[in-house]
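**Student:** Chains as they are written, first to last, in UniProt numbering: chain A, 1 to 304; chain Z, 1 to 304; chain L, 1 to 464.
I should point out that these hints are in silico values taken from the structure, not numbers from a laboratory. Using N, Cα and C, we set each Cβ at its ideal position, and we do this for glycine too. Hints may contain errors.
Stated by the list, open to error - Here are a few chain A residues that face chain Z, going by a calculated C-beta distance under 10 Å:
#, residue
1, 111
2, 144
3, 147
4, 208
5, 243
6, 252
What the hints assert, rightly or not - In silico DMTMM-like pairs for lysine to aspartate or glutamate, Cα to Cα no more than 25 Å straight-line:
#, chain 1, residue 1, chain 2, residue 2
7, L, 396, A, 265
8, L, 426, Z, 157
9, L, 254, L, 324
10, L, 307, A, 265
11, L, 200, L, 354
12, L, 303, A, 154
Stated by the list, open to error - Ranges of calculated distance between the beta carbons of each label pair, as one might list FRET restraints:
#, chain 1, residue 1, chain 2, residue 2, range
13, Z, 162, L, 239, 44 to 54 Å
14, A, 90, L, 81, 28 to 38 Å
15, L, 464, Z, 79, 51 to 61 Å
16, Z, 292, L, 464, 52 to 62 Å
17, L, 324, Z, 162, 21 to 31 Å
18, Z, 146, L, 390, 50 to 60 Å
19, L, 51, A, 35, 50 to 60 Å
20, Z, 193, A, 211, 42 to 52 Å
21, L, 239, A, 48, 30 to 40 Å
22, A, 79, L, 191, 47 to 57 Å
23, L, 136, A, 78, 27 to 37 Å
24, L, 191, Z, 162, 36 to 46 Å
25, L, 194, Z, 63, 35 to 45 Å
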Amino acid sequence: MDWVIDMSAIEHSGKHAGSHIRGNPRVFTYVVLIVCCCYFLLPVWWLVVASTKTNGGLFNGSHGSMWFDSTMAFWDNIKQLGTYQDGVYWRWIANSLLYALVGGFGATTVSVMAGYGFAKYRFRGKKTYFNIILGALMIPATALVIPTFLLMSDINMTDTYWAVLLPLMLNPFGVYLMRIYCSESLPDEMIEAARVDGSGEFRTFFQVSLPIMTPAITTVFLLSIVGAWNNFFLPSVVLTNPNLFPITVGLSQWQTRSTAGSASEQIWNLLTSGSLISVIPMVLAFIFLQRYWVGGLAAGSVKA
Amino acid sequence: MNQTKALRGKRKHYGKENLWGWIFTAPFAVVFVVFLVIPLVYAFYMSLFTYTQISGERFSGIANYVRVLTDEAFGKGLLLVVLYTIVMVPIQLGLALGLALLLDSFKKKFASVSRVVIFLPYAIPAVIGALMWGFMYSKLMGPFTTIFSLFGVQAPDFLSSNGIFGSLVNVVTWQWTGYYMIILYSALQSIPTELYESARIDGASELKIATRIKIPLVTGSLIMCTIFSLIGTLQFFTEPTILRNQAPTVIPSEYTPNMYAQALAFGYNQTNYSATVSFSLGLIVVIFSIIFMRLTRRSNGLGD
Amino acid sequence: MMLKSKKIFAVLAAVAASLSLAACGGSNASDTATANSDKHANDNASCTNKVVHADAQKVTVWAWYPGFEKIVDHFNNSHSDVQVCWNNGGQGGAEYTRFQNTIKAGKGAPDIIQLEYEAMPQFIAGQQKYLVDLGKYGMNSYKADYTDGAWNSVTFGSSSSVYAVPVDAGPFVMYVNQEVFDKYQVKVPTTWAEFEQAGKDLQAKGYTGKLTNWQTDGTAVNIALFAQKGAQVYKYSASDPTKVGIDFDQQGVKDVLSYWQKLSKEGLIDTADQSSTDTMKKFGAGDYATYVQASWFMGYYVKGAYKTAADSPFKIYEAPKWDDSTPDVNQGGSAFAVTYQAKDTKAAAEVARELYGDDYAQKSGVSDGGLFPTWKKLLSSTEFINQTYPYLGDQKANEVIAPVAKGWAGDQFLPFQTYAYDAQQKSFASIVKSGTSVDSGVSKLTSTLQDYAKQQGFTVESVK
Numbered sequence: 001m002d003w004v005i006d007m008s009a010i011e012h013s014g015k016h017a018g019s020h021i022r023g024n025p026r027v028f029t030y031v032v033l034i035v036c037c038c039y040f041l042l043p044v045w046w047l048v049v050a051s052t053k054t055n056g057g058l059f060n061g062s063h064g065s066m067w068f069d070s071t072m073a074f075w076d077n078i079k080q081l082g083t084y085q086d087g088v089y090w091r092w093i094a095n096s097l098l099y100a101l102v103g104g105f106g107a108t109t110v111s112v113m114a115g116y117g118f119a120k121y122r123f124r125g126k127k128t129y130f131n132i133i134l135g136a137l138m139i140p141a142t143a144l145v146i147p148t149f150l151l152m153s154d155i156n157m158t159d160t161y162w163a164v165l166l167p168l169m170l171n172p173f174g175v176y177l178m179r180i181y182c183s184e185s186l187p188d189e190m191i192e193a194a195r196v197d198g199s200g201e202f203r204t205f206f207q208v209s210l211p212i213m214t215p216a217i218t219t220v221f222l223l224s225i226v227g228a229w230n231n232f233f234l235p236s237v238v239l240t241n242p243n244l245f246p247i248t249v250g251l252s253q254w255q256t257r258s259t260a261g262s263a264s265e266q267i268w269n270l271l272t273s274g275s276l277i278s279v280i281p282m283v284l285a286f287i288f289l290q291r292y293w294v295g296g297l298a299a300g301s302v303k304a
Numbered sequence: 001m002n003q004t005k006a007l008r009g010k011r012k013h014y015g016k017e018n019l020w021g022w023i024f025t026a027p028f029a030v031v032f033v034v035f036l037v038i039p040l041v042y043a044f045y046m047s048l049f050t051y052t053q054i055s056g057e058r059f060s061g062i063a064n065y066v067r068v069l070t071d072e073a074f075g076k077g078l079l080l081v082v083l084y085t086i087v088m089v090p091i092q093l094g095l096a097l098g099l100a101l102l103l104d105s106f107k108k109k110f111a112s113v114s115r116v117v118i119f120l121p122y123a124i125p126a127v128i129g130a131l132m133w134g135f136m137y138s139k140l141m142g143p144f145t146t147i148f149s150l151f152g153v154q155a156p157d158f159l160s161s162n163g164i165f166g167s168l169v170n171v172v173t174w175q176w177t178g179y180y181m182i183i184l185y186s187a188l189q190s191i192p193t194e195l196y197e198s199a200r201i202d203g204a205s206e207l208k209i210a211t212r213i214k215i216p217l218v219t220g221s222l223i224m225c226t227i228f229s230l231i232g233t234l235q236f237f238t239e240p241t242i243l244r245n246q247a248p249t250v251i252p253s254e255y256t257p258n259m260y261a262q263a264l265a266f267g268y269n270q271t272n273y274s275a276t277v278s279f280s281l282g283l284i285v286v287i288f289s290i291i292f293m294r295l296t297r298r299s300n301g302l303g304d
Numbered sequence: 001m002m003l004k005s006k007k008i009f010a011v012l013a014a015v016a017a018s019l020s021l022a023a024c025g026g027s028n029a030s031d032t033a034t035a036n037s038d039k040h041a042n043d044n045a046s047c048t049n050k051v052v053h054a055d056a057q058k059v060t061v062w063a064w065y066p067g068f069e070k071i072v073d074h075f076n077n078s079h080s081d082v083q084v085c086w087n088n089g090g091q092g093g094a095e096y097t098r099f100q101n102t103i104k105a106g107k108g109a110p111d112i113i114q115l116e117y118e119a120m121p122q123f124i125a126g127q128q129k130y131l132v133d134l135g136k137y138g139m140n141s142y143k144a145d146y147t148d149g150a151w152n153s154v155t156f157g158s159s160s161s162v163y164a165v166p167v168d169a170g171p172f173v174m175y176v177n178q179e180v181f182d183k184y185q186v187k188v189p190t191t192w193a194e195f196e197q198a199g200k201d202l203q204a205k206g207y208t209g210k211l212t213n214w215q216t217d218g219t220a221v222n223i224a225l226f227a228q229k230g231a232q233v234y235k236y237s238a239s240d241p242t243k244v245g246i247d248f249d250q251q252g253v254k255d256v257l258s259y260w261q262k263l264s265k266e267g268l269i270d271t272a273d274q275s276s277t278d279t280m281k282k283f284g285a286g287d288y289a290t291y292v293q294a295s296w297f298m299g300y301y302v303k304g305a306y307k308t309a310a311d312s313p314f315k316i317y318e319a320p321k322w323d324d325s326t327p328d329v330n331q332g333g334s335a336f337a338v339t340y341q342a343k344d345t346k347a348a349a350e351v352a353r354e355l356y357g358d359d360y361a362q363k364s365g366v367s368d369g370g371l372f373p374t375w376k377k378l379l380s381s382t383e384f385i386n387q388t389y390p391y392l393g394d395q396k397a398n399e400v401i402a403p404v405a406k407g408w409a410g411d412q413f414l415p416f417q418t419y420a421y422d423a424q425q426k427s428f429a430s431i432v433k434s435g436t437s438v439d440s441g442v443s444k445l446t447s448t449l450q451d452y453a454k455q456q457g458f459t460v461e462s463v464k
């Protein structure tokens, strides 16, 4: 891995040799960035290597933990992922995608509307209302999980897709971000002009405001998706049916299966290869969508 | 704020604005009440009762809160997360700010590659991130014994009672630095270049531009990140929980207050006292955050 | 800003509190129910396995046994009137938590649940009702089918009540790295005195590994070690469920802990968390000459640590003894219990008994699941005794293990065993690993646990 980065660094520095970076000690910058890249990629590289090993290979393989074992088991692991417990692994991936996309979409819709409402309308109790939302960011999840579970049980909602999807709609940070973005980047004059032209409030929202809000909407959408994809604690409590598990809960169950005592079995190899595959969709999304992150967060965060 | 001033002259719209403001924020309000307010109130209600296996549930008023005050396990855990906050927050944000500044002024292709790489760990669920580091911390299987021996020093024992603090700081730093870096980088990007171009022409060094112009302009974002980081650290949970599977005697079940709440509710069947612990922690987090926001009131942008 | 929000909060609080009061009242209703008989309540339950006879009555099961699907399929193929609907409700503590939550919520529990013996008292003691007494469903007439230890572990000293159907056990044995003992020509120890000497001999002859690992995170393993010295540390009886006995402050416990503390000070043994991957690695690398553990250790640890069966140098021997009177002991094992939420209690009781109640299921449990049986018929069968294990160099290991299983008398655990184990771990790790005083350690542990018992409303009595 290290050499991959070294190569690209050399290549780039060669191409731009003698270019003008005013007053910047370039070598220092390169060194810092290369060290950082190595650091941030180290566990990822470990995961790539580990996913090619058998269970025994993980513990007793040759060439150490950072290099491939003599037995290459990647495809076997993938095959085993498809058959172990009737291929429930792929079901977990599908569930996670569903939770991330539907949950992300719902959370974004709710947040965008609320953020817009807070930024562009004056109404009674707004200040208190918004402050409570900010306070909500500070409440520990453990305080909510158990009562939520008990309340859900009362209405027969546990062990359903809704039990995971509906709580995801709650995204106070999204509201906060949208509110600031609307205040900063959406001129009141535009809305006022639309009103004067006789446009209704919803039409104004959809036709005038939404297009301008797109960068922030994308950011909130991405943030919600990541939140939903990483969601772990609540689903692990409200779900018992493995067919509904998201990948995080499924893999952690495999982990306890591998470490626990009596009558268990070791499936570390499935854990490592399963982890690798499960991070690929999100990593790709990050790489291809990264400019959207920067756009939305920029507008939202500069308000000083 | 601008729009408030503009609207002040349009008193007659207030009634209609009132209605539409609530309409736009209504979906969020519903989700907020159902999945946050009600469970929270329920949790508070539960904290007023005491459950014992023999006599079941009895109303006990504030007895649980009195117990929290003298609970050694809770006190220790709290002290520990405060210590983590003092160490972890500056490291994370310092690194994030440094990297953001570096990437902002270093406009090479390698910079954008590094940016993605540094941001990448955020795409990996915390569960999987901690799992990977747990494996890598292993003295015999991880790469560090080899890496450290290259420099002629002995690798620290990451999973011992002396090493665990640093090990956890590292996992969290790895996971979150990129996220804060992106927020700060976005903020830096949205600073109009004219603001420092003239200083540059006058011969100011990059360091001076960074400390005199750029950092003051992103203070708002920096404070927002600090609050997130503060809240997250006080609620420290996922990473120590996963590493506990590897080192149960080094990380006891009551290591952090959130873990303690989880152990009480799920391990020891003391849901009511667990609710008390969660509630007390939530209260402390809110107080910490308010103090911090008060201290930085002028520049945090969170007031209205 | 806080003052204003407080007002709104108070209103919401009032509304929600009234809601939750109503909710709470509902969940206690199940306490009074003793038996249910709804044959169709599970018709729409979702199952991990395939149901063969779709229109038959369904009984839901939570279990985490490896290879359990084969058992379920076998059951469903051989029964047309009732079908098992199986889900993995999580393993060990995770499952118990879920079970607790569903009982608290008044719904969501399965009809049948797999529980470890040591976890059962917590579901029997106290106000909240979790498990159905199978004695009322004729379970007592099957007593002779199971080993004494297993039967005692599900009856809790009662002559009429049976709280679960025994499935597997963990006879306590010693895994021996045969290559190490052969290479250094040291005799495999049979007593604890010889055990210590073997460690010294191995070290003197140049073995760089350790004699064994004393698990700092060990729980049930210590109970087994104490039981070898005749030291019963916990007492709990279903016939008097408000009383518990806790006593670590006794000679047997002190002898055992002093012994391991001494070995640790002499540098003969390792003191590491067993769940750490490093320990597994050391095990696989031949760094431990022995491992004193339950028999199920083979299915889990040995298979995990070696790439192929032929790589494993281990063989099973009897656990070292103190003297001729040292009893056979056990570590772990589990059973099927019927829950209070069973939709059709009678049907559930029958299914619980029959799931592992025939030859096919018992054999599959052994070969596919790595379970050690508690079913006497299988334990004595020649086929079982002659079974060879590739990971043990084709040893007929059951020749060694089966007598231990039959000799085990049963253990007792507390209704708050998770808490007790956490306290135990901290105390013993500090004694053996860090060398703190045995006397003050055990007396402090005893008083900590007794205080907790009192706080939970139990009366503390003597363990004798």
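**Student:** Each hint: holds or not?
**Tutor:** Checked hints:
| no. | hint | result |
| --- | --- | --- |
| 1 | 111 | 7 Å, holds |
| 2 | 144 | 5 Å, holds |
| 3 | 147 | 4 Å, holds |
| 4 | 208 | 14 Å, violated |
| 5 | 243 | 20 Å, violated |
| 6 | 252 | 6 Å, holds |
| 7 | L/396 x A/265 | 22 Å, holds |
| 8 | L/426 x Z/157 | 20 Å, holds |
| 9 | L/254 x L/324 | 20 Å, holds |
| 10 | L/307 x A/265 | 14 Å, holds |
| 11 | L/200 x L/354 | 50 Å, violated |
| 12 | L/303 x A/154 | 44 Å, violated |
| 13 | Z/162 x L/239: 44 to 54 Å | 49 Å, holds |
| 14 | A/90 x L/81: 28 to 38 Å | 34 Å, holds |
| 15 | L/464 x Z/79: 51 to 61 Å | 42 Å, violated |
| 16 | Z/292 x L/464: 52 to 62 Å | 58 Å, holds |
| 17 | L/324 x Z/162: 21 to 31 Å | 45 Å, violated |
| 18 | Z/146 x L/390: 50 to 60 Å | 34 Å, violated |
| 19 | L/51 x A/35: 50 to 60 Å | 57 Å, holds |
| 20 | Z/193 x A/211: 42 to 52 Å | 26 Å, violated |
| 21 | L/239 x A/48: 30 to 40 Å | 58 Å, violated |
| 22 | A/79 x L/191: 47 to 57 Å | 49 Å, holds |
| 23 | L/136 x A/78: 27 to 37 Å | 50 Å, violated |
| 24 | L/191 x Z/162: 36 to 46 Å | 37 Å, holds |
| 25 | L/194 x Z/63: 35 to 45 Å | 55 Å, violated |
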